[in-house]
Amino acid sequence: AQKVTQAQTEISVVEKEDVTLDCVYETRDTTYYLFWYKQPPSGELVFLIRRNSFDEQNEISGRYSWNFQKSTSSFNFTITASQVVDSAVYFCALIFGNEKLTFGTGTRLTIIP
Amino acid sequence: KAGVTQTPRYLIKTRGQQVTLSCSPISGHRSVSWYQQTPGQGLQFLFEYFSETQRNKGNFPGRFSGRQFSNSRSEMNVSTLELGDSALYLCASSPDAGTGYNEQFFGPGTRLTVL
Chain R
770 AQKVTQAQTE ISVVEKEDVT LDCVYETRDT TYYLFWYKQP PSGELVFLIR RNSFDEQNEI
830 SGRYSWNFQK STSSFNFTIT ASQVVDSAVY FCALIFGNEK LTFGTGTRLT IIP
Chain P
6 KAGVTQTPRY LIKTRGQQVT LSCSPISGHR SVSWYQQTPG QGLQFLFEYF SETQRNKGNF
66 PGRFSGRQFS NSRSEMNVST LELGDSALYL CASSPDAGTG YNEQFFGPGT RLTVL
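One line per chain: the protein sequences are R and P, in this order. In terms of the numbering used here, the first sequence opens at residue 770 and continues consecutively. In terms of the numbering used here, the second sequence opens at residue 6 and continues consecutively.
Hints listed in this document are in silico derivations from the structure and should not be mistaken for laboratory results. Some hints could be false.
Below, a list of computed lysine-lysine pairs in the DSSO-like style, where the Cα atoms sit at most 27 Å apart [as the list claims (entries may be wrong)]:
#1 Lys-807(R) <-> Lys-772(R)
#2 Lys-839(R) <-> Lys-772(R)
#3 Lys-807(R) <-> Lys-839(R)
#4 Lys-62(P) <-> Lys-18(P)
#5 Lys-772(R) <-> Lys-62(P)
#6 Lys-18(P) <-> Lys-839(R)
Given these sequences and hints, build the entire structure.
Structure (structure tokens):
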């Protein structure tokens, strides 16, 4: 069975601080995909990134960066110079084969002005 | 291009009633997936439809059902509502089948409250 763990339930940081959201996953398959989604107060899930299991390169997109490490089964997400608009619930998710997308429990991030 | 739309946005029902939620995917997308989000259980996959066929199903009782029409619009139905069915129901569309291999675009959700 596949599983995604986001141990941080809630995080609060002061604006402009950097923050890292942790994601640890479990799967027995060698081919899988990992995702991060953002859910603002409006409720709509916003896609941030998809990474396949064969691509361990870290990725940077503006203030966002992702660190994928197969050795530790982690796919962590860092926001640099956080802004109030980053306040949301962030979900990490996993899928392999023809299985359903499995989400972590989410991390509620609050950026304090 | 218009995004995923869901109707209604809010719904209040009483126990024992049934409810139908609607989802219109992004134009050209053929896959529609449904998810239930509750504070206790988090985000859980309900089912995926592709070309009017259910491709995948989550671990929900038979009271939860869905269908997809030839224009890719999808509906989900919950019969004999229970208090625990109160949740945000999210719909997502993607161009092709496979909930993971394509980026999914989510709608704003339908907030269902069962009294």
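Hints breached by this structure: 6
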